Amino acid sequence: MKSRHKKLALIGGALAIIGIIAALVLNALNSNIALYISPTDVAAGKAPQGQLFRIGGLVKEGSLTREADGVTMRFIVTDTDKDLTVNYKGILPDLFKEGKGVVAQGKLTETGTFAATEVLAKHDENYMPPEAAKAVGDAANRAADKKAAAANAPAATEKPKAGY
Amino acid sequence: MKDRFNLYKFASPATFYPLAGALIPYFAAVSVVFGLAGLYLGMLVAPTDFQQGEGYRIIFIHVPASWMSMFIYLVMAFWAAIGLAFNTRLSGMMAQALAPTGALMAFLSLWTGALWGKPMWGAWWVWDARLTSELILLFLYIGYMALTAAIDDPRRSDKAGGLLLLVGVVNVPIIYFSVKWWNTLHQGSSINMGKSSMAETMLWGMLLMAMCFWMYSIAVALMRVRTIMLERERHTDWVKAELSGEGK
Chain A
9 MKSRHKKLAL IGGALAIIGI IAALVLNALN SNIALYISPT DVAAGKAPQG
59 QLFRIGGLVK EGSLTREADG VTMRFIVTDT DKDLTVNYKG ILPDLFKEGK
109 GVVAQGKLTE TGTFAATEVL AKHDENYMPP EAAKAVGDAA NRAADKKAAA
159 ANAPAATEKP KAGY
Chain B
1005 MKDRFNLYKF ASPATFYPLA GALIPYFAAV SVVFGLAGLY LGMLVAPTDF
1055 QQGEGYRIIF IHVPASWMSM FIYLVMAFWA AIGLAFNTRL SGMMAQALAP
1105 TGALMAFLSL WTGALWGKPM WGAWWVWDAR LTSELILLFL YIGYMALTAA
1155 IDDPRRSDKA GGLLLLVGVV NVPIIYFSVK WWNTLHQGSS INMGKSSMAE
1205 TMLWGMLLMA MCFWMYSIAV ALMRVRTIML ERERHTDWVK AELSGEGK
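Line by line, the protein sequences are chains A and B.
For the first sequence, the numbering used here gives the first residue as 9, with consecutive numbering after it.
For the second sequence, the numbering used here gives the first residue as 1005, with consecutive numbering after it.
No wet-lab data here; the hints were simulated from the structure.
All values derive from a computational prediction rather than experimental measurement.
Incorrect hints may appear among the rest.
[To be verified] Part of the chain B face toward chain A, derived, beta carbon under 8 Å: (1) D1053; (2) T1116; (3) A1118; (4) P1123; (5) G1126; (6) D1132; (7) V1171; (8) N1187; (9) T1188; (10) Q1191; (11) G1198; (12) S1201.
[Claimed, not checked] Okay, derived cross-link-like pairs now, SDA-like style, lysine to any residue, Cα gap no bigger than 25 Å in a straight line: (13) K115/A to L1045/B; (14) K108/A to V1173/B; (15) K54/A to L23/A; (16) K54/A to T93/A.
Just so you know, even glycine gets a beta-carbon here, dropped at the ideal spot from N, CA and C.
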């Protein structure tokens, strides 16, 4: 084995070791690296008590209500399994929409709702013209209608969306 | 042996210097062509986005800059490994020549990201895994430049810098996969395994801009490596010949 091959192997080995160390460290820090937790985590009691934390999920369709003052609002964040009611007073980002992703920072209240101090919109990685988006939406609705008709269910089941 | 084309010939600064000089105008020209085509597609042809409106168009700078910031780091780490293993003079020079461009790309990525984040997410910055690891990449570039600049002896400076580059290379897959591995505010990748979730013209605009950034990076890195060569090899005959005008 030539010395330069030895060196190359040494570099490769060192890189592998650094990689493994990084993987272990990141794995141990996993819960600290995540920016937000889901309503399911909150329901499971994983939320820190009396401390600021972030929740993330989709804004449930039809759940947004505004108080008379126009800046206090209430909406439900869902991960399609568990729901969490969020109260927020402030200005919502432009991309905040029902059915779309959201990340909110705040605290749990005694009544089990979430008092948000900051609400951020999380958009997905799809980029397309409005006409294409409408076509996709129509196709999804048709498919859902078909499925609902086939199952003879009263309402179309909501499909979990990837990438919220 | 003389007829055989020998790649190692270009590992010598004396032969690489004129080659780099001859290549620079081509890379620069190709970069301009790709850039004009990319900007035309991205700004004028690509459709408005269904949820972000016109604001999404910053993607034509943001994504190519982010890609290049990661790719240049990988190339630098590659040169560092070659330099440490084979003791080639040129490797360290290439790594040092690429560093400022890599840092520029990382900075552009963070800056355009902040400009994009405020109107869309509602925040200039969040400490999510994607943003934080990209910031670490910028620090790695700056750290590398500071470290190599602090050591006068070029050989030792290349070695120290090379080690830093190799240790830091774990950060690149972390940046890339951060949106998969953890909950982040940053959305996932639009291009996965050859599939894309973008409209075609948008995708082409982005790819053309990425080519433009790539060619630009090569052109400026070659310019910079020529300067480094002259500086480091100033006592050699070929540099003296070059500077006195005989090299041409």
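Hint by hint, here is what the structure shows:
1. D1053: 5 Å, holds
2. T1116: With a minimum Cβ separation of about 16 Å from chain A (threshold 8 Å), the hint on T1116/B is violated.
3. A1118: 13 Å, violated
4. P1123: 7 Å, holds
5. G1126: Hint holds; G1126/B Cβ to chain A Cβ min 3 Å, cut 8 Å.
6. D1132: Nearest chain A Cβ about 4 Å off; hint holds.
7. V1171: Where the cut-off is 8 Å and the nearest Cβ of chain A is about 6 Å from V1171/B, the hint holds.
8. N1187: This hint holds: N1187/B lies near chain A, its Cβ roughly 4 Å from the closest one there, short of 8 Å.
9. T1188: With a minimum Cβ separation of about 5 Å from chain A (threshold 8 Å), the hint on T1188/B holds.
10. Q1191: 4 Å, holds
11. G1198: 15 Å, violated
12. S1201: Cβ of S1201/B sits 5 Å from chain A, so the hint holds.
13. K115/A to L1045/B: Answer violated: K115/A to L1045/B is near 45 Å, above 25 Å.
14. K108/A to V1173/B: This hinted pair is violated, its Cα atoms lying about 35 Å apart.
15. K54/A to L23/A: 36 Å, violated
16. K54/A to T93/A: Between K54/A and T93/A the Cα gap is close to 17 Å, so the pair holds against 25 Å.
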